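S.K.: Which chain is which? The protein sequence lines are F and Z, in order. When the letters of the first sequence are read in order and numbered with our numbering, they come out as residues 1 to 264. When the letters of the second sequence are read in order and numbered with our numbering, they come out as residues 1 to 264.
For the record, the hints were derived by calculation from the structure and aren't laboratory data. All values reported here derive from a predicted model rather than from experimental measurement. Don't take each hint at face value.
It does not matter which identical chain is used: a pair holds within one copy or between any two.
[Stated by the list, open to error] List time: in silico SDA-like cross-link candidates among lysine to any residue, alpha-carbon distance up to 25 Å: (1) 106 <-> 123; (2) 74 <-> 237; (3) 33 <-> 67; (4) 74 <-> 153.
There are 2 protein chains.
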Amino acid sequence: MSQWVRYRTGSAGEGFGRLEGDRIEPVRGFPWKQPQPDGAALPLSSVTLLAPCQPGKLIALWNNFYALAAKLGKATPAHPLYLLKPSTSVSGPGDPIRRPRSYTGKIAFEGELGIVIGQRCSDVSAADAERCIFGYTCVNDITAVGVMNESPDFVQWCRSKGYDTFGAIGPLIATELDWRSASVVTTLEGAERQRYALADMIFSPQELVSRISQDMTLLPGDVIACGTSIGVGSIPDGACVAVTIEGIGTLSNTLTAASGAARP
Amino acid sequence: MSQWVRYRTGSAGEGFGRLEGDRIEPVRGFPWKQPQPDGAALPLSSVTLLAPCQPGKLIALWNNFYALAAKLGKATPAHPLYLLKPSTSVSGPGDPIRRPRSYTGKIAFEGELGIVIGQRCSDVSAADAERCIFGYTCVNDITAVGVMNESPDFVQWCRSKGYDTFGAIGPLIATELDWRSASVVTTLEGAERQRYALADMIFSPQELVSRISQDMTLLPGDVIACGTSIGVGSIPDGACVAVTIEGIGTLSNTLTAASGAARP
């Protein structure tokens, strides 16, 4: 297994690198496309970690865990149900979750597993999907809950989940993950709020990639957030949410109050 | 007013250019960012026109015309209602609309006005939105109608409208458009199916850019499809849909049947 980060340094700009213990080995190009070593290793402590990729598509699943479906009384879907979060919603480890200036209501966290696509794929089988997956990361799929059902005619999935910084991913991409034995653990200010087994997924990562690739071409760096399970909750202003998956690490983000007055 | 195209030639690859009559004046860079002349003019007939930009976000409005809202009995929305079509759904003038291999049902056209963003903007006022708009193009917002309501629990806006080629834009970007006096005309195999005045829009282009920029940062090349009005209909396999807006031109695309067997 290897672990890949994207980072910024004061002097050398942004880049990708392979994480080895507490050092980063910089590469040229993309981790999923024949990366070439590029200079001396850097101490992890000397860089700022960024979102580990820059997805053109951030696809977010709804109703993909048996336990949450049972709790909400929802049927098992026949095909993955999803929305798109805009690429401008993507944020990285340690980035603030910024409360929209126009919104004073509840903002919710959802800890999730993210699949990072490694090669262009369209209409692949579940058996072939494995080779299209570069690796896995943690996702916090953030939602302005009050916006979602503001209209009686149209559920605003995209808008309520699409604000800048509402798609937190990171801290790194792990190229292998025994997801069947892994869990997602989400804490709020250090208190555990979610702990669910990824083995409870309705559509596995391989099935998700196969099925969604029948709907649209997936490109390297695209991320599929696999959906959440029981324990979703509200984030008070100033509180830190941490999503941990063993083998990947911990993605931490703090909700910051809006600065300045809302546009009238 | 100027008109901008993106094109491909056999020898010189892809590029942007300014359309002057039946000639294209190539430029370096982007039309919205200080484009510089780049070589001799080309006959329009010698190139293949492409989608006139490559939007990172293709935002599609729902319920943005009074006439259609009245027909469907929907309330006037308090804020623009929209979904995202993936960037991989974008196709250009003359491109085929490809029927998904897994889908045999009805595929619908929606002729629309598209706003092309010219500069990064976040939380802009309606007064300031005008300078963020680079220009306008035609959109055919294509939908696999049977997919949309396949699940009783979740309206599949993104999936039904997100298939590759289902976001047709073009044929060019007109930097100025007197949209208040313009109409969208959609024909199917030459027969008129939609003719509606853009003055009937609920949220004007400037209001759309302002409101949506309060939800998410808009980037150069992003496209906002302003929603459709009365006359939406189904496209038989092999039929050509043409969307015309005076001052922009005509966007034509033909629905092609799927090739090969569907994945079981």
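S.K.: Against this structure, judge whether each hint is valid.
M.R.: Now the hints, each set against the structure:
1. 106 <-> 123: This pair counts as between: shortest inter-copy Cα distance 21 Å, intra-copy 38 Å.
2. 74 <-> 237: neither (31 Å within a copy, 35 Å between copies)
3. 33 <-> 67: Classified as neither: same-chain Cα gap 37 Å, cross-chain 50 Å, threshold 25 Å.
4. 74 <-> 153: Both: 20 Å inside a chain and 7 Å across chains, each within 25 Å.
Violated hints, listed in ascending order, are 2 and 3; each of the other numbered hints is respected by the structure.
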